[in-house]
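Engineer: Single-letter residue listing:
Protein chains: 2
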Amino acid sequence: MTITTCVFDAYGTLFDVTAAAQAAAAEPNHTDLANVWPAIARDWRAKQLEYSWLRAVAGRHCDFWQLTQDGLDWALEANHVTNPGTRARLLELYWELPAYPEAPTILETLKSRGINTAILSNGSPAMLNAAVTSAKIGRFLDDTLSVEDVGVFKPSDRVYDMVGARFGCVKDSVLFVSSNGWDAAGAAGYGFQTAWVNRAGAPVDRLYAAPHHVVSDLTAIPELI
Amino acid sequence: MTITTCVFDAYGTLFDVTAAAQAAAAEPNHTDLANVWPAIARDWRAKQLEYSWLRAVAGRHCDFWQLTQDGLDWALEANHVTNPGTRARLLELYWELPAYPEAPTILETLKSRGINTAILSNGSPAMLNAAVTSAKIGRFLDDTLSVEDVGVFKPSDRVYDMVGARFGCVKDSVLFVSSNGWDAAGAAGYGFQTAWVNRAGAPVDRLYAAPHHVVSDLTAIPELI
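As they're listed, the protein sequences go chains A and B. Last residue of the first sequence: 225 in the working numbering, with the numbers rising by one and none dropped. Last residue of the second sequence: 225 in the working numbering, with the numbers rising by one and none dropped.
Bear in mind the hints are in silico, worked out from the structure with no lab data behind them. Every residue gets a Cβ at the ideal spot worked out from N, C-alpha and C, and that includes glycine. Just to be clear, a hint being listed does not mean it is correct.
[What the hints assert, rightly or not] For each label pair, taking beta carbons as the anchor points, the in silico distance ranges come out as:
(1) Gly168(A) to Glu96(B): 53 to 63 angstroms
(2) Ile225(B) to Pro101(A): 54 to 64 angstroms
(3) Pro222(A) to Ser134(B): 54 to 64 angstroms
(4) Gly114(A) to Asp172(B): 56 to 66 angstroms
(5) Glu96(A) to Arg42(B): 28 to 38 angstroms
[Said to hold, decoys possible] Some chain A residues judged to face chain B by a derived CB distance under 10 angstroms, without partners named:
(6) Glu27
(7) Ala46
(8) Ala78
(9) Tyr190
(10) Pro203
(11) Tyr208
Let the sequences and hints guide you as you build the complete structure.
Structural biologist: Right, dumping it as structure tokens:
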């Protein structure tokens with residue numbers, strides 16, 4: 001099946017979620033992060049995702065901004081960072097995460113070839129709009145789809161259903177791209193073609209489906225279409 | 001409301017899930033685990049739980065024995081352990097996990113006071129029966145309830161519903177005990193009275209409900225009733 005539509009996860013895939021903790025740690029007001037920022041970045045992300053899955057299982061949805069604060073609060077306590085100013089700065093930076101260096105060029109290439117392009121993310125509309133604007137990639141995207149429109153997080157089928165509803169395309173004409181192994185597996189199980197951006201060289205997740213392609217960054221995505 | 005029924009999570013709460021990797025590492029045939037068994041125990045557990053939540057969100061249930069193998073396979077690859085004999089031994093030990101030292105006495109105390117006692121676990125019936133038998137705690141338990149009867153993992157309401165269906169009790173006459181912060185929070189959100197056994201001194205999970213009691217091991221449980 002010819003790919004007509006290329007859909008990207010946002011956090012970790014187009015945007016570098018570790019950048020907030022790293023950038024704050026480099027600022028003179030946040031020396032409390034100097035030694036612990038990698039642990040905070042890791043715990044923050046892990047808890048943010050864990051809470052998204054738990055809320056989806058229990059039917060207790062909240063938006064991703066709440067999860068982002070909840071995950072950070074756990075991570076700060078676990079790493080003994082108590083300064084409210086540090087918390088505020090980390091949250092502020094989450095609204096202006098940098099895109100990975102190759103992301104704008106890849107998106108531009110896809111658009112120039114007539115491929116539909118979109119983000120499909122757990123993020124709230126406000127968070128996603130801020131990140132897209134900050135990274136200056138809005139002109140290469142046909143749409144930014146947020147799970148807030150369906151009220152549940154990935155990997156629920158109701159989230160992946162949003163792509164067909166928006167673009168009128170069948171499942172296997174979609175290439176879904178995610179750096180989150182579980183998201184790539186979830187999308188593969190749903191019926192999309194999938195590419196896992198395995199930047200960290202992690203083992204493949206043992207789930208109910210496997211990604212069709214594994215790449216080390218976004219550069220190879222146009223070659224898959 | 002008077003507590004009539006005390007329900008325990010199994011893995012991590014009554015049974016020490018880190019014991020399998022630790023015990024195997026101490027055996028002469030498994031020196032490949034010498035330096036990495038703590039990382040394997042951590043990754044194995046993390047992936048086992050992650051996969052349980054993801055499968056529950058996506059409606060792709062499998063039993064906990066499959067998840068246990070899937071999580072271990074990820075953990076072994078991440079820690080560069082390739083010996084099939086080591087894998088087999090770790091899985092074998094998961095069927096005979098030791099109970100925490102205080103567990104039998106606490107269960108016996110509850111039974112002597114006429115409290116209904118049960119396990120409510122993600123584990124498969126066969127796994128749970130083996131663990132209960134191995135730890136010799138069956139005579140202190142009125143029942144062992146497995147999520148396999150409802151086909152979805154915690155923290156789905158359908159799992160917690162099994163307690164009322166079995167014992168005919170209202171929600172807040174149940175004390176639910178778990179060492180998993182997310183499980184204690186999930187049960188609290190469901191409507192049980194809850195105790196979180198926080199053996200590791202971890203921060204409380206920022207979820208939609210908080211446990212009613214936090215204890216450092218099982219010793220204090222009878223005092224809560």
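Engineer: Hints first: check each against the structure and report whether it holds.
Structural biologist: Hint check results:
1. Under the hint 53 to 63 angstroms, the C-beta atoms of Gly168(A) and Glu96(B), about 55 angstroms apart, fit the expected range.
2. Our hint of 54 to 64 angstroms for Ile225(B) and Pro101(A) holds, since their Cβ atoms are close to 59 angstroms apart.
3. For the pair Pro222(A) and Ser134(B), the beta carbons lie near 55 angstroms from each other, so the given range of 54 to 64 angstroms is met.
4. Checking the proposed 56 to 66 angstroms range against Gly114(A) and Asp172(B) shows it holds: the Cβ atoms sit about 60 angstroms from each other.
5. For Glu96(A) and Arg42(B), the hinted distance range of 28 to 38 angstroms is satisfied, since their beta carbons lie about 33 angstroms from each other.
6. Using the Cβ-Cβ criterion of 10 angstroms, the hint placing Glu27(A) at the interface with chain B is not satisfied: the shortest such distance is roughly 25 angstroms.
7. The closest approach between the C-beta of Ala46(A) and any C-beta of chain B is roughly 8 angstroms, which is under the 10 angstroms cut-off, so the hint is satisfied.
8. The interface hint given for Ala78(A) is met, as the beta carbon of that residue sits about 5 angstroms from the closest beta carbon of chain B, less than 10 angstroms.
9. The criterion of a C-beta within 10 angstroms of any C-beta in chain B is met by Tyr190(A), whose closest approach is roughly 8 angstroms, and the hint holds.
10. For Pro203(A), the interface hint holds, since its Cβ comes within 10 angstroms of a Cβ in chain B; the closest pair sits about 4 angstroms apart.
11. The beta carbon of Tyr208(A) is positioned within 10 angstroms of a beta carbon in chain B (closest approach about 4 angstroms), and the interface hint is therefore held.
Hint 6 from the list above is the single one not met by this structure.
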